[in-house]
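> Sequence:
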Amino acid sequence: MPSFIPPVFSGSNGRRFVAIAAVVSSFMCASRPDASAQAIVAIGDSITAGGYPLTSPGLPPWGLSYRDPLTRLLNGETIGTSNPTGTVYDVTMVGTLATNWHTDSTLTPGYLLNDPLFTMHAGYYGWRTEQVNEVLPTTFTPFNADIALVYLGTNDALQETPLATTKTAFSGILTTLQSAGVSNVFVAQIGPLGGGNAIHNPAIDAINAFIGGELSTQFNFHIVNLTAQDPWTHLTWDRIHPSEAGERLIAEAFFNSMVSANVLSAIPEPSTYAAILGVMALGGTMVVRRRRKGARHAA
1 MPSFIPPVFS GSNGRRFVAI AAVVSSFMCA SRPDASAQAI VAIGDSITAG
51 GYPLTSPGLP PWGLSYRDPL TRLLNGETIG TSNPTGTVYD VTMVGTLATN
101 WHTDSTLTPG YLLNDPLFTM HAGYYGWRTE QVNEVLPTTF TPFNADIALV
151 YLGTNDALQE TPLATTKTAF SGILTTLQSA GVSNVFVAQI GPLGGGNAIH
201 NPAIDAINAF IGGELSTQFN FHIVNLTAQD PWTHLTWDRI HPSEAGERLI
251 AEAFFNSMVS ANVLSAIPEP STYAAILGVM ALGGTMVVRR RRKGARHAA
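Okay, so the sequence shown: first residue is 1 according to the working numbering, each after it adds one.
None of these hints come from the bench; they were simulated from the model. Every value quoted in this text rests on a predicted model; they were computed, and no experiment measured them. Treat the hints loosely; a few may be bogus.
What the hints assert, rightly or not - SDA-like, lysine to any residue: derived pairs with alpha carbons at most 20 Å apart:
no., residue 1, residue 2
1, K167, V185
2, K167, I223
3, K167, G195
4, K167, T99
5, K167, G126
When you get a sec, could you build the whole thing from the sequences and use the hints?
Take a look at the structure:
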């Protein structure tokens, strides 16, 4: 974008206009989050972290993590019916981990999880909810997150963790987030498993019932319902991790929940600043005309 050269008006009002216009014009070129950006932390397991790299020998690729389509949505991309206006939000991702597997040459240079603003997360491979709860109090403080996205419980079901243990862990995580002053927490009711892993779906149903019931009466958070996910179209070959379709479904669910809750701040379009400057220019012109008119009468 070419540099904006503000109109010059005489006198103190003109100087004031030039100063304000210069400040506003500096924002017109802003297209990335700044120091005041909202910080989002994604907390979970391998579904949050992502899968094997595309080049792993002998291993079918897993997905990128739902954080990939989520960051694209937050950066103005329309996916499905989500973000139809192409709004860009003033956010950054924070966390303790920077392990984003799909960073090889098969990806386009614009892959957002390679961008320092969106690399970090708190997705721990293979971890149960209780394990995340154990490390969160000591690792969370540096995040300074405004928004937390929680997708946990899959490994609890797969590893047959007692429901009481999972309940205590979820309560501990919400307590940590609450104590840290995280203003908005979004907790997913997770999708079912497929194939031979479907035998663990009763445990997932019990975890989801706890999130939507008992946990929601103890803490103030937003529920993100993913229970209608189809394991055969939304999961990969292992019937545990999301396919690209599953990643988009999770990303859209979290994104739309944040938009509906009105917790995201958009980066204004350049046209918005142009409109502001137009009004300022009109005001400045009227000031100059009045001063000139007054000068003629005085003469």
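> Each of the hints needs a verdict: does it hold here or not?
The hints, checked one at a time:
{"no.": "1", "hint": "K167 with V185", "in the structure": "17 Å, holds"}
{"no.": "2", "hint": "K167 with I223", "in the structure": "16 Å, holds"}
{"no.": "3", "hint": "K167 with G195", "in the structure": "26 Å, violated"}
{"no.": "4", "hint": "K167 with T99", "in the structure": "28 Å, violated"}
{"no.": "5", "hint": "K167 with G126", "in the structure": "18 Å, holds"}
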